[in-house]
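A.B. asks: Using the sequences plus the hints, can you model the full thing?
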Amino acid sequence: MREVAIVSFAQSPSVRRDAQRNEVEILLPVVREAIDRSGIRREEIGFTVSGSCDYLAGQPFAFVMALDAIGAWPPIRESHVEMDGAWALYEAWVRLQHGDIDSALVYSFGKSSLGNVREVLTLQLDPYYTAPLWPDSICLAALQARALLESSEYTEHDMAAVAARSRRDAKTNPKAQLAGDFSAEALLDEPYIASPLRKHDCPPISDGAAAVVLAAGDLARRVCARPAWISGIDHRIEPHALGARDLTQSPSTALAGQRAGAGDSRFDIAELHAPFTHQELILRDALGLNGDVSINPSGGALAANPVMAAGLIRIGEAAQRIIAGDAARALAHATSGPCLQQNLVCVLEAA
Amino acid sequence: MANWCAVTGIGQTNHAAKRDDVSIAGLVREAALRALDDAAITWSDIDAVVIGKAPDMFEGVVMPELYLADALGAAGKPIMRVHTAGSVGGSTALVAASLVQAGVHSRVLTVAFEKQSESNAMWALTPKIPFQPSVVAGAGGYFAPHIREYIARSKAPADVGMRVALKDRLNALRNPYAHLHMQDITLQQIEESPMLWDPIRFHETCPSSDGACAMVLASEDALNGSQYPPGWILGGAMRSEPIMFPGRDEVNPRAGRECAADVYGQAGITSPIEEIDLAEIYVPFSWYEPMWLENLGFAEEGAGWQKVLDGATAPDGALPVNLSGGVLSSNPVGASGMLRFAEAALQVRGQAGEHQHDGARIALGHAYGGGSQFFAMWIVGSERP
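As you go down the protein sequences, you meet chains A and B in turn. Quick note on my numbering: the first sequence kicks off at 1 and runs consecutively. Quick note on my numbering: the second sequence kicks off at 1 and runs consecutively.
Be careful, since some hints might not be right.
Cut-off 20 Å, straight-line C-alpha distance, at most; resulting in silico cross-link-like pairs (SDA-like, lysine to any residue) [said to hold, decoys possible]:
1) Lys175(A) <-> Glu33(A)
2) Lys199(A) <-> Asp158(A)
3) Lys18(B) <-> Lys175(A)
4) Lys18(B) <-> Asp158(A)
5) Lys155(B) <-> Ala303(B)
Hint data in this document are derived by calculation from the structure and do not stem from the laboratory.
C.D. replies: See below:
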């Protein structure tokens, strides 16, 4: 495949409610920062692709207004996925393989505060058999966590430890929403919100946006001292019917990982899009990540979870570590759908 | 450079106002299975699925690719969901083709659908944005002023739109899949139909349909055994511009002109009216036929309506437009763009049946969306250069 790298990344701070700004206003400075840092002029960017979800704003065509953040003319080669921005990045990577263009802008945004995100995500379910029962996203995750606890050695303490580590690591991430020192023991004193999940097992509700610039081959080398090369990227989906899946495993993550070249599990860091603590445990096992790999040094989705951007942020955070010289090989992961139904794995390397 | 990609399977549903005989999953499967049958392959031959549809509010299902993964045989495979407003059916096909052209996959199933009877599309398209007055009622309310501006600029006679509507509805009589089959339609009937959004009459507007379209796109070495020849993708392009800014021309948008120039360039076309045998153009309101003829370079600016009145776009004209009956005869919104792309491919593959255009070698598929700001186009041909 053609060599393609991430040459810049920018993200907004994730906040519980950005009441002062609409999506375009959140996005504009992020896109501008990513383009400025890339060293590529806006009008030279060959392809633009974004990811967002109409239902967060409760109106059709959320992505239409978002184009205002990109600029007026010239008209751009542009596409949009109603998916997390990580899949927009995948589309851009595919497009760059054609060879006729050398750079792409990828962005995504989510203003979860506008509605009730738990109920919005319920509308992802089978509209005839499951959605009418209104199981919300936290209750479904709780079913998955319960299945995991009952079928493995993992305990609620392991889950709390994930939350404590995520919030501790988030102290060094100025964009994170939840950060601080918590002990797993103290977290376990809190009540359940949907047994076995406590509040710390769940992601915060976040408003935010992210943008990435990709460049191919020599252009990447010219504009970036240490590009984060995409050595492999793949995504897979599982059946939707929850009863057709073993919720304690993530075979689609394992398969995407194998196909992306993550099979050897030798990474300096891994950014896993695990909105729930127990999902990190499932993903680590699916990818064979052992104690040597630093997991979610950004704090992950447990510290900042702008829906539709949180997966792209994982890729951006991983790339940023390579660009900054803090890592040589990184894994990034994104998920979509109830209980980790769909998963994407991206392997990034310094050289 | 990019690899060659061809259309090797095409399927569409029988479109109707209400397909209450099938679920959403049943609807997309109906189209997908017909495409697989045409390509003479099965689900296991498919490497990846790319699905598109217009706003999720039309069915009330958020990111329905998740729910449809099972019905589309996508488990264990990659599936992507495209949404670029009305142009989405076209964009979806282009994203699917991109996977083959990039060399990532050999065979991709692409599907687009809308089951509009699940909700009320007009009101789903009437957003109430905080702090902004809601000035439109559905897409017709949005586009009517653009049409009035076109008529004012071009001094087109009042019957142009009605003649387009008559032509497309008559064309639909030769397309068994079309939603509207109005056997006895006349110009007078169109003229006497209620005015919805001046100058758009009831019979000059698209229906609201349930329907789906699917295609199998394959690389050169994965063409398989369809009884019909492959339809080669000679060019594909997308262009977008923001919906509203000073200096933007909504009647003849720059994004559309540049998209057309790009796709013609890729296909080596220098004189579109002479070199393209037929076009499937996204015409949801009758007047968009002359407007897009100009935007696409088939007519000089201001002269598109003359082509319509001269019969150039009729089935026996120089450039038959919408032999399938077009969006005016079937409009499952999310699929409407893909239907244009697929109908263009049907023609160059020689499988359009009663509405087949003799000697069709090169055809244009066109889709647009948003406030005439998103464009997707492809050129398909019976032969690879």
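A.B. asks: Against the structure shown, which of the earlier numbered hints fail to hold, in ascending order?
C.D. replies: Violated hints (numbers, rising): 3, 4; every other hint is consistent with the structure.
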